[in-house]
Amino acid sequence: MAELSVIESIRNTLWEEMKKDPTVIVMGEDIGQRGGVFLATQGFLEEFGESRVIDTPLAEASIMGIALGASFNGLRPIPEVQFSDFIWPGLNQIIGEASKTAYGSNGELNAPMVIRIPYGGGIRGGLYHSQNVESYFFHTPGLKICAPSTPYDAKGLLKSAISDNNPVIFLEHKKTYRLVRGEVPEEDYSIPIGVADIKKSGKDVTVVSYGLMLHYCLEASRLLEDHNIDVEIIDLMSLRPLDTSTILESIKKTGKLVVVHEDNLTGGVGAEIAATVSDLGFDYLDGPIKRICGPDIPTMPFAKSLEEAYLPNTTSIFNGILELSQY
Amino acid sequence: MNSKQNITLPSGITTDKILEVYEQMLMVRTIDERVWAMNRQGKVPIAASCQGHEAAQLGTLLAAESHPESFFFTYYRDLAIKFGVGLDETQIMLSYLGKQGDPYSNGRQFPLQGSDLQRNIIQLSNVVAAGMTQAVGHALASKIQKKAAVTMSFFGDGASSQGECHEAMNFAGIHKLPIIFICENNHYAISVPQNLQMAISEVSERAPGYGLESISIDGSDLLQVYESMQKAIALAKSFTPVLVEMNVERIMPHTSDDDHTRYRALSEIDQLAQRDPLLKLKTLIQDNSFASEEQLEEMLSRCNSRINTATSLAEAAPEPDTKTLLNNLFVE
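Note that the protein sequences, when read in sequence, are chains A and B. 1 is the number of the first residue of the first sequence in our numbering; add one for each residue after it. 1 is the number of the first residue of the second sequence in our numbering; add one for each residue after it.
These are calculated hints, taken from the structure and not from any lab test. Backbone N, C-alpha and C fix where the C-beta goes; we use that ideal spot for every residue, glycine too. Do not take every clue at face value.
Listed next, the stretches of chain B that the computed footprint assigns to chain A, with coverage defined by at least 3 CB atoms under 8 Å from CB atoms of chain A [as the list claims (entries may be wrong)]:
1) 107 to 114
2) 126 to 133
3) 168 to 179
4) 206 to 220
Here are a few chain B residues that sit away from chain A, every Cβ distance over 12 Å (derived from the structure) [as the list claims (entries may be wrong)]:
5) Met38
6) Gln41
7) Pro103
8) Gln118
9) Ile122
10) Gln123
11) Gly163
12) Ile269
13) Met299
14) Pro320
15) Leu326
16) Asn327
17) Asn328
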């Protein structure tokens with residue numbers, strides 16, 4: 001079994017799917033000759049040709065709109081936005097159009113497309129190369145959202161996303177691209193969208209996270225073992241549909257819940273989880289639901305000190321879990 | 001206009017064909033007038049009138065008749081296209097009333113909005129120009145998959161100001177896509193006149209900047225539209241994208257919620273009838289004696305009887321079942 005980075009796993013999966021299915025095309029800025037700024041499509045132009053690997057103009061609205069229109073006519077496009085921070089001009093087509101395609105045609109029309117979005121920070125990206133954009137999509141019915149944290153999960157979820165007949169937002173945390181490595185089987189497998197994964201089982205506190213933060217949660221949980229605190233860590237993997245039953249099952253056991261995300265606190269995924277658990281799992285809780293999230297400023301600033309101050313990290317997660325466990 | 005003519009019809013267009021299209025246009029006008037009246041009765045919540053645009057739309061369909069694989073991304077003023085491709089008047093009335101059986105969205109969207117894939121139409125939203133980039137994607141997919149279809153993207157002068165209009169035309173030009181952009185220019189974006197929308201006198205002046213061919217015509221003249229669209233389809237089929245500007249008049253206010261006397265001079269409104277495509281076609285028929293007055297009267301009474309039947313059927317139809325509210329957010 002090969003040990004791969006997240007970006008290598010994504011590249012291999014895209015390659016496999018394009019080999020298998022001639023209706024899959026990729027399109028975006030610099031993805032052809034350049035191979036993508038993160039090299040997710042390196043070598044694709046030579047292998048699949050310019051009709052299936054399309055270097056687009058620098059114009060996100062049309063990247064999304066053209067991909068959507070192509071999805072109405074027999075193709076499974078995978079448009080890429082270079083950085084999540086540049087998704088905004090394309091939102092009209094994603095939130096205004098793609099998400100409403102099936103509902104607005106009463107199920108006659110559908111949009112089988114996967115929108116790949118490198119997101120998140122901790123890479124000195126400043127306000128325009130670090131943004132967490134997931135909440136905007138999370139609020140939107142009609143979209144599915146994947147946010148894998150490991151190379152194994154990235155492959156399995158991307159396979160599901162590409163074969164899905166609905167629009168899927170595929171969030172790839174930039175800092176995990178090369179930082180996170182893991183074993184990825186060569187055989188074909190997929191991971192269903194909408195099912196969370198228990199990355200570590202435990203009995204004292206439930207921690208829910210996704211993306212880069214998941215790894216910090218795992219580190220914190222190892223440190224908490226020295227304090228005899230046994231943490232259960234749930235990797236959401238998909239934000240929408242949200243796997244509330246896995247969360248509820250876990251807090252039945254632990255009675256305590258911490259949600260960790262890099263995205264801003266207010267109106268984030270954690271807020272919805274807290275609301276859902278207080279509604280459906282109130283009797284299981286023996287402490288307040290704690291959220292450890294980015295503060296309510298646009299995103300993490302450029303300066304090293306400020307960027308670090310924005311981001312939840314192993315220490316702040318450790319402290320948060322410890323505090324709740326003593327409640 | 002009243003002097004008798006002896007017109008030579010374009011090849012392939014018979015007198016019978018002219019009469020067939022005239023009756024279609026008359027039926028579209030009858031539907032349009034009926035839904036407007038029913039809006040005033042509080043029965044139809046909203047209507048965007050097609051009056052003034054019918055020749056542009058039916059002339060396009062006439063040219064597309066020999067290309068059945070043509071695909072249409074329409075916008076909200078395109079009643080004549082939706083009727084012309086074969087939707088019947090009862091289905092149309094169901095849609096205007098938001099009743100069960102509305103073929104576009106089963107009452108989820110504004111009238112005739114959603115999709116009618118059986119008849120090659122997609123019209124997802126009310127965000128003008130959003131359909132233009134989608135149409136380009138549709139044409140791109142046809143080219144990649146070597147399908148012979150031409151995609152037609154309809155929009156108004158208002159949509160031509162949107163950024164997505166620019167992006168759509170730019171991409172179509174770069175990739176030489178089989179697409180025709182059809183601007184139904186009625187010179188008003190709701191109340192804003194053309195001179196406040198653009199500094200140029202014709203939208204089609206932009207075509208060379210995108211590498212598109214351009215055609216600018218009188219969209220109230222059925223035969224002119226037909227002949228121009230034949231050329232445009234031939235160009236698009238050979239991968240030369242085209243921008244066709246059809247100059248038309250919007251005879252009615254923007255929608256049933258609008259009052260155009262607030263921003264159009266009465267003298268201007270009074271003159272709109274002179275460029276009414278239905279009257280122009282009728283005059284052509286009369287001047288060339290293609291039909292007798294009795295025949296024309298019969299057509300009108302057929303249309304009236306059809307709309308009465310359709311209205312009764314649609315009014316009696318049930319509302320969509322509330323149990324379907326959450327259905328079809330996703331497909332399998």
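Hint-by-hint comparison with the structure:
Against chain A, the segment 107 to 114 of chain B contributes 4 residues with a C-beta closer than 8 Å to a partner C-beta. That satisfies the three-residue criterion, and the hint holds. Here's how the segment 126 to 133 of chain B fares: 4 of its residues keep a CB closer than 8 Å to some CB of chain A, so the rule of at least three is met and the hint holds. For the segment 168 to 179 of chain B, the stated coverage by chain A holds: 4 residues have a C-beta nearer than 8 Å to a C-beta of that chain, and at least 3 were required. Against chain A, the segment 206 to 220 of chain B contributes 0 residues with a C-beta closer than 8 Å to a partner C-beta. That does not satisfy the three-residue criterion, and the hint is violated.
Every CB of chain A lies more than 12 Å from the CB of Met38 of chain B, the least distance being 23 Å, so the non-interface label holds. With a least beta-carbon separation of about 27 Å from chain A, Gln41 of chain B lies farther than 12 Å from that chain, consistent with its non-interface assignment. Distance check on Pro103 of chain B: its Cβ comes as close as 9 Å (rounded) to a Cβ of chain A, failing to clear the 12 Å threshold; non-interface status is violated. Some Cβ of chain A comes within 12 Å of the Cβ of Gln118 of chain B; the nearest lies about 9 Å off, and the non-interface call is violated.
With a closest Cβ-Cβ approach of about 6 Å to chain A, Ile122 of chain B is found to fall inside the 12 Å limit, against its non-interface label. A beta-carbon of chain A comes within 12 Å of the beta-carbon of Gln123 of chain B; the shortest separation is about 10 Å. A Cβ of chain A approaches the Cβ of Gly163 of chain B within 12 Å, the least distance being about 6 Å, so the stated non-interface status is violated. Here Ile269 of chain B stays apart from chain A, with its beta-carbon at least about 34 Å from theirs, past the 12 Å limit.
Consistency note on Met299 of chain B: stated as away from chain A, and its beta-carbon is indeed over 12 Å from all of that chain's, at 33 Å minimum. Taking the minimum C-beta to C-beta distance to chain A, about 9 Å, the non-interface status of Pro320 of chain B is violated against the 12 Å cut. The claim that Leu326 of chain B is not at the interface with chain A is violated, since a C-beta of that chain comes within 12 Å of its own (minimum 9 Å). The beta carbon of Asn327 of chain B sits about 7 Å from the closest Cβ of chain A, which is not more than 12 Å, so the claim that it is off the interface is violated.
The non-interface label for Asn328 of chain B is inconsistent with chain A: the shortest C-beta to C-beta separation is roughly 3 Å, within 12 Å.
The structure is inconsistent with the numbered hints 4, 7, 8, 9, 10, 11, 14, 15, 16, 17, although it conforms to all the rest.
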